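Those protein sequence lines, which keep their order, are chains L and C.
Residue 118, in the working numbering, is where the first sequence stops; the numbers in between run on with no holes.
Residue 666, in the working numbering, is where the second sequence stops; the numbers in between run on with no holes.
In case anyone wonders, no lab produced these hints; they're calculated from the structure.
Some hints here could point you the wrong way.
[Stated by the list, open to error] Below, in silico cross-link-like pairs of lysine to aspartate or glutamate (EDC-like), each with a Cα-Cα straight-line distance of 20 Å or less:
#: 1; chain 1: C; residue 1: Lys-561; chain 2: C; residue 2: Glu-576
#: 2; chain 1: L; residue 1: Lys-71; chain 2: L; residue 2: Glu-57
#: 3; chain 1: C; residue 1: Lys-566; chain 2: C; residue 2: Glu-576
#: 4; chain 1: L; residue 1: Lys-71; chain 2: L; residue 2: Glu-18
#: 5; chain 1: L; residue 1: Lys-4; chain 2: C; residue 2: Glu-576
#: 6; chain 1: L; residue 1: Lys-4; chain 2: C; residue 2: Asp-590
#: 7; chain 1: L; residue 1: Lys-4; chain 2: L; residue 2: Asp-23
#: 8; chain 1: C; residue 1: Lys-561; chain 2: L; residue 2: Glu-45
#: 9; chain 1: L; residue 1: Lys-74; chain 2: L; residue 2: Asp-30
[To be verified] What follows is a list of derived Cβ distance ranges for each label pair:
#: 10; chain 1: L; residue 1: Asn-68; chain 2: C; residue 2: Glu-614; range: 36 to 42 Å
#: 11; chain 1: C; residue 1: Thr-629; chain 2: L; residue 2: Ala-82; range: 43 to 49 Å
#: 12; chain 1: C; residue 1: Glu-614; chain 2: L; residue 2: Lys-71; range: 32 to 38 Å
#: 13; chain 1: C; residue 1: Ile-665; chain 2: L; residue 2: Ile-47; range: 25 to 31 Å
#: 14; chain 1: C; residue 1: Trp-648; chain 2: L; residue 2: Pro-118; range: 42 to 48 Å
#: 15; chain 1: L; residue 1: Ala-82; chain 2: C; residue 2: Gly-592; range: 24 to 30 Å
In this text the structure is predicted, and so the values were computed from the model without any measurement.
Every residue gets a Cβ at the ideal spot worked out from N, C-alpha and C, and that includes glycine.
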Amino acid sequence: AQKITQTQPGMFVQEKEAVTLDCTYDTSDQSYGLFWYKQPSSGEMIFLIYQGSYDEQNATEGRYSLNFQKARKSANLVISASQLGDSAMYFCAMRGLQSGGSYIPTFGRGTSLIVHP
Amino acid sequence: DGGITQSPKYLFRKEGQNVTLSCEQNLNHDAMYWYRQDPGQGLRLIYYSQIVNDFQKGDIAEGYSVSREKKESFPLTVTSAQKNPTAFYLCASNPWGQGNQPQHFGDGTRLSIL
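Next comes chain C alone, as it looks inside the complex (with noise of 0.2 Å):
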């Protein structure tokens, strides 16, 4: 079956330690988002792609990068430069240009500060 597959499930970050989160879709979809979640709080767009070598900032992309070097991977890494990185994270994508398409999600990833 098609799907994103986010890993890992559960993550620890030391002070000062950067760590990457993993996002890969076999949806063929050219679109992919990264999504922080705070209890209480909705979805906040951090980074997208629409096409592969290409990324935009979203609302809070402070202290996070990205990269998509091929189609089916868009993987983020949070840095030492956000501060307050314990949050859900989620990944989604959806076909390009097709406004009328839900996003698919994967399953999350889940950051804590050791």
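Isolated chain L, as found in the complex (with noise of 0.2 Å):
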């Protein structure tokens, strides 16, 4: 079974500092891939960053990167230069490969961010 955990129930940042979202996951799987989605008060899933498992390096999109550490099965958000705009829940999600060749997603509880001016 998979399993996320964010610890952080709610993080504040100051506008223009960066700030780390926890993310922690268990498996068994040998291949699979995390991902971190942003929530906005609107509701919809906005997709942020992918870490494999077998990637060597730490994803980076832009102001985002992913702070991938295997043997401790975390796998970090850092945001880069906070804007008003990051206020918003953050999800990290992990997908496993299934037998059947699915891949079923599991999410953590999430974190609320929000972002002083």
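Combine the two chains into a complex, taking the hints into account.
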């Protein structure tokens, strides 16, 4: 069984500062992928960044980077130079290869990020 | 533009009534999913489908039913057996068998009890 743990229900950050959102995972799968999504108050889920379990380097997408530590089973999201528009819920998710070739996703409970001016 | 369309945006259910949430995608994705989101909780998987005419239960399938008669469509019925249906429902899709591809989501349907 897969499990995603996000231990920070809420985080506050000053505009233009960096913030790290924590995510730890548990899986017995050898091949899996880790995703981060942003959910603004309007409700839609926006894909931010992906890290594969076999990727050697940490993923980066603009101001988003993923601090992947495989031995510790952590995949923390780092947002640099926070903007007011970054205020949202952030979800960590994992998809591991299941029997039959399907990838069934598991989501964490999310972290609410508020960016202060 | 390709995407997922969920309707309606808001839905109200009376006691003892079944309601159906619509999900349509034009991304040519094989896999489709239904999630339920409650305040303070993450997304919980209700049902998923990998191909037409086939679907599997997720973690919280009781009180829900689905169909997959067309590749583009994956409607969710919330039956009267679901005693606490008030929640935000999200539909998602992705190409089947490609674990490195993110899921695409619709804008969601907010269901409330009258």
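Report task. List, from low to high, the hint numbers that the structure doesn't satisfy. Result -> 3, 4 and 5
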